[in-house]
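Heads up: the protein sequence lines correspond to chains R and P, in order. Residue 7 is where the first sequence starts when you use our numbering, and the numbers rise one by one after that. Residue 7 is where the second sequence starts when you use our numbering, and the numbers rise one by one after that.
Honestly, I wouldn't trust all of these hints.
Same chains, same names: a pair is fine if it fits in one copy or spans any two.
[Unchecked claim] Straight-line alpha carbon distances no greater than 30 Å define the calculated DSSO-like cross-link-like pairs of lysine-lysine that follow:
| hint | residue 1 | residue 2 |
| --- | --- | --- |
| 1 | K360 | K325 |
| 2 | K367 | K10 |
| 3 | K88 | K289 |
| 4 | K325 | K185 |
| 5 | K90 | K289 |
| 6 | K88 | K238 |
| 7 | K10 | K185 |
Hint data in this document are derived by calculation from the structure and do not stem from the laboratory.
2 protein chains.
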Amino acid sequence: MVAKNAFYAQSGGVTAVINATACAVIETARQHPDKIGKVLAGRNGIIGALTEDLIDTSLESAADIAALRHTPGGAFGSCRYKLKGMDQHRAQYERLIEVFKAHDIGYFFYNGGNDSMDTAWKVSQIGEQLGYPVVCVGIPKTVDNDLPITDNCPGFGSVAKYVATSIREAAFDVASMAKTSTKIFVMEVMGRHAGWITAACGLAAEKEGDGPHLLLFPEVPFDEAAFLARVKQCVEKYDHCVIGVSEGLLNKEGQLMAEAGGKDAFGHSQLGGVGQVIAQLVKERLGYKYHWALADYLQRSARHIASATDVEQAYAVGKAAVELALAGRNAVMPAILRTSDTHYRWEIGTANLKDVANVEKMMPKAFITADGFGITDACRRYLSPLIEGELPPPYRNGLPDYVRLSNQGVPRRLPEYAV
Amino acid sequence: MVAKNAFYAQSGGVTAVINATACAVIETARQHPDKIGKVLAGRNGIIGALTEDLIDTSLESAADIAALRHTPGGAFGSCRYKLKGMDQHRAQYERLIEVFKAHDIGYFFYNGGNDSMDTAWKVSQIGEQLGYPVVCVGIPKTVDNDLPITDNCPGFGSVAKYVATSIREAAFDVASMAKTSTKIFVMEVMGRHAGWITAACGLAAEKEGDGPHLLLFPEVPFDEAAFLARVKQCVEKYDHCVIGVSEGLLNKEGQLMAEAGGKDAFGHSQLGGVGQVIAQLVKERLGYKYHWALADYLQRSARHIASATDVEQAYAVGKAAVELALAGRNAVMPAILRTSDTHYRWEIGTANLKDVANVEKMMPKAFITADGFGITDACRRYLSPLIEGELPPPYRNGLPDYVRLSNQGVPRRLPEYAV
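Extracted from the complex, chain R is given alone in its bound form:
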């Protein structure tokens, strides 16, 4: 068997550990030079494949590839670009196969979330039809933690650790200030549809009185009266109240609270500011001074406080993906299987791409307390192991020492193609 090249691309929002997966794909591929030639990466994800803008990762040193394991962001660029259905855009899929053929690519690794698993599934089916079979393996990645079958998604554990750490720290701060100054602290976190990240904030509270005291999930329509009553009660008891809120919080009419909150100076709906909407509501109705934080990209790029479990799993799925490809397993995705909960153990299994594509795993109802403002013990048992362990990056000049690859392009062999 002549060694074929492999194509690897990163898709959608990046994470603190997606490069650990890239590291695993490249390092594992390099261990099999008899079967895999070069790993070619798509510059800016699948767009790089469509436009034949390929990066030759074989030109990067082993040390730089190893450094990907501790570098956040997407080393080759990612993209938000969903291939349309086969019927509408068959030409796009044909183009992909054409590029793969031109660069002798026999393996396709697509590292992303739901949409990407759908794309990978489609590509896995069309190669054969077009007479150029490619082994397609999806690799899970999403801070939203919403892929099915896999117990959790690489990227989520590190966000979870970041938000829980941050809200614990801020809670210590506001508790100190409450007597004469700030009594309310609101932290807004990601997760538009599923409350996994909001739930993770709850891990910071272990004892009576610990913040966060209230969580606002996208799954629970905002009940203003109940919320304000709980805030008041909390301040009367602890002199302060710490709140974690999802960017996707909805009002009872099913509208995003962030949009319902008002218009900005330019007359736009104020998105990404539900934290402020909630904080101001408390100020308006109860008179308490507030501070609020919007972690935004900080939460999903915070490699400095990554979960060691997450980093290991991100590496493991990348390694497993290459091993699956070498075994000729088309149309699959490595999945994390939890084999023990009390003493957390996990292993890598396999999911079929067609079972993963476009399915969103929501948070179980049993993970949210009956009042809608907290997490249950079952939720805690699920989340806790995912934030275990620290694996800090190396530091240089007092800052994390992250790598930038040279990302040298592969000469084009085909006519231009516009996306």
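Chain R is already provided as a structure; the job is to place chain P on it using the hints.
Same frame as chain R, now just chain P:
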């Protein structure tokens, strides 16, 4: 000499390392039982002294006191409360002395910023007049880094490390997303009057093209045209632009940009949202998609990414304060003196409280580049050593293991007093 008790209080906005100072004060005092009895802490700062709400720190274990070294926030509570001038409120100062007398307090340690050094100075003068001399020592603390004489202020180095780390990480993220999604990332940081924290963001950029690409200082009135031109240029060159902005950014009319930005849903001025104002301006004028982050309390409570230098200095000033008090040095403050810049070395010297009280140290003009959007090499030389070294807290269940003291009160001996 009969051992007198010591009073210690935390004042103003807390930091990631103010408890390291508290730890040093208590540990050092405990080493001198012949001269210092108990360390009594003010619950919620100076308010605890005025209301005779004192905490008996002798009831805390050595292990819990040691754990303060890695715990953010203010362990005894802080306050935003400025004692008025002696003429207006002589009664308040007399009350302080009365409380000190009732609890046999011979040493007064006040851990705070400019206002607090003013209070400490006044107290240092009145004891003698009232026939109950107390040795008063101020201890520097402020994330704003604006105390004079001392080379830098404990608390600042850790914020600096946090903001530089965070903006570096976010810059890696947005660089990955720029092709099809977010091109602009704005991070808003603290520092209403002085741009020290904004400047620290600049440490994240070491090479051509590294973010942050632009900084907006409170010292430089916002020049919209120049700013937008630079953003455009940056995006054309690097496909993205990362911006650090001070909450205190002013427009050319000298108004806070955050206030000029619009009213919220309740008709309030939108404070703490200059990051969003700037981001939306770019979107409006240049059409680039943006994300923005507001670190708020996260930045000053992030003990998990504290600077080791900062922790050491926070401890050193606490220790020195007790040593100064034992030597009978009234009306002074330990100051950090930089003795070498190239190979950073520092030692603890002494400043007179009257020279520190109410003086704000602004950032030198020579620290901001001529175009107003960046930091100079001189600034980098000043800032770099302050973020050096990591001293992570212990972790338990995947999260920093911070201590909560029992904070048991001392029985009151005086009539009530309202503040």
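Structure-based check of all given hints:
1. Taking the closest pair of Cα atoms, K360 and K325 come within 30 Å of each other only inside a single copy of the chain (21 Å); across copies the shortest separation is 64 Å, beyond that limit.
2. Within a single copy, K367 and K10 get their C-alpha atoms no closer than 35 Å, and across copies no closer than 64 Å, so neither meets the 30 Å cut-off.
3. When the C-alpha separation of K88 and K289 is checked against a cutoff of 30 Å, the pair qualifies only between copies, where the shortest distance is 24 Å, while the shortest distance within a copy is 42 Å.
4. For the homomeric pair K325 and K185, the shortest alpha-carbon distance between copies (28 Å) is at most 30 Å, but the shortest distance inside one copy (53 Å) is not.
5. In the homo-oligomer, the alpha carbons of K90 and K289 lie at most 30 Å apart only across protomers (28 Å), although the nearest pairing inside one protomer, at 46 Å, exceeds that limit.
6. Proximity of K88 and K238 under a CA criterion of 30 Å is satisfied inter-copy only: 28 Å between copies versus 45 Å inside one chain copy.
7. For a Cα distance limit of 30 Å, the shortest separation of K10 from K185 across copies, 29 Å, qualifies, whereas the shortest one inside one copy, 67 Å, does not.
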